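Colleague: Sequence:
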Amino acid sequence: MANHLNEHLGPGEKPNTASQIGNWERGIRTPSYIEARKLAEFFNVSLDYLTGKTDRNDFDLAKLFFSNKDLLFNNTVLSSDDRYEIFQLIDGYLKGRTNRHDTDKFYGKQEQLDLKLK
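With UniProt numbering, the residue at position 58 of the sequence shown is 58, and numbering never jumps.
One or more of the hints may lead you astray.
What the hints assert, rightly or not - PhoX-like mimics (lysine-lysine), calculated; alpha carbons at most 20 Å apart, straight line:
id, residue 1, residue 2
1, LYS116, LYS95
2, LYS69, LYS38
3, LYS14, LYS63
4, LYS69, LYS53
5, LYS14, LYS38
Please keep in mind that the hints were generated in silico from the structure rather than gathered at the bench. Please read these numbers as outputs of a predicted model, since none were measured by experiment.
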């Protein structure tokens with residue numbers, strides 16, 4: 001884990017060591033704010049979640065789609081065009097879901113979604 005944390009060292013930052021992380025895990029030492037922030041970024045959680053102040057880890061997908069973080073789907077990085085198109089699909093689906101109609105066509109119960117695009 002120390003090697004992964006050291007991949008994005010800023011200028012003047014000291015590298016993390018396995019023994020340092022072991023001391024954190026055993027409660028011998030406490031990570032500094034900067035180290036805690038690096039851990040939160042590494043695990044993609046908030047500092048509140050990392051420190052146990054919250055047990056929820058909610059993400060707003062809309063904000064995530066427009067963030068600078070890499071988004072992957074099945075180990076494929078989504079381009080900015082992909083992200084925008086997927087955002088539009090989800091947004092359209094959520095706006096149109098109030099206009100659903102149940103049907104018994106084809107292979108059992110299905111839903112039709114009327115997006116009212118025209």
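Colleague: Given the hinted pair LYS14 and LYS38, is their alpha-carbon gap at most 20 Å?
Modeller: holds (12 Å)
Colleague: Is the straight-line distance between the alpha-carbon of LYS69 and that of LYS38 20 Å or less?
Modeller: holds (15 Å)
Colleague: Take the C-alpha atoms of LYS14 and LYS63, compute the straight-line distance between them, and say whether it is at most 20 Å.
Modeller: Violated. LYS14 to LYS63 sits at ~32 Å, over the 20 Å cutoff.
Colleague: What's the verdict on LYS69 and LYS53, does the C-alpha distance respect the 20 Å limit or exceed it?
Modeller: Measuring from Cα to Cα gives roughly 24 Å; hence the hint is violated.
Colleague: Please verify whether LYS116 and LYS95 have alpha carbons no more than 20 Å apart.
Modeller: holds (10 Å)
In the structure shown, a violation is registered for the earlier hints numbered 3 and 4, in ascending order.
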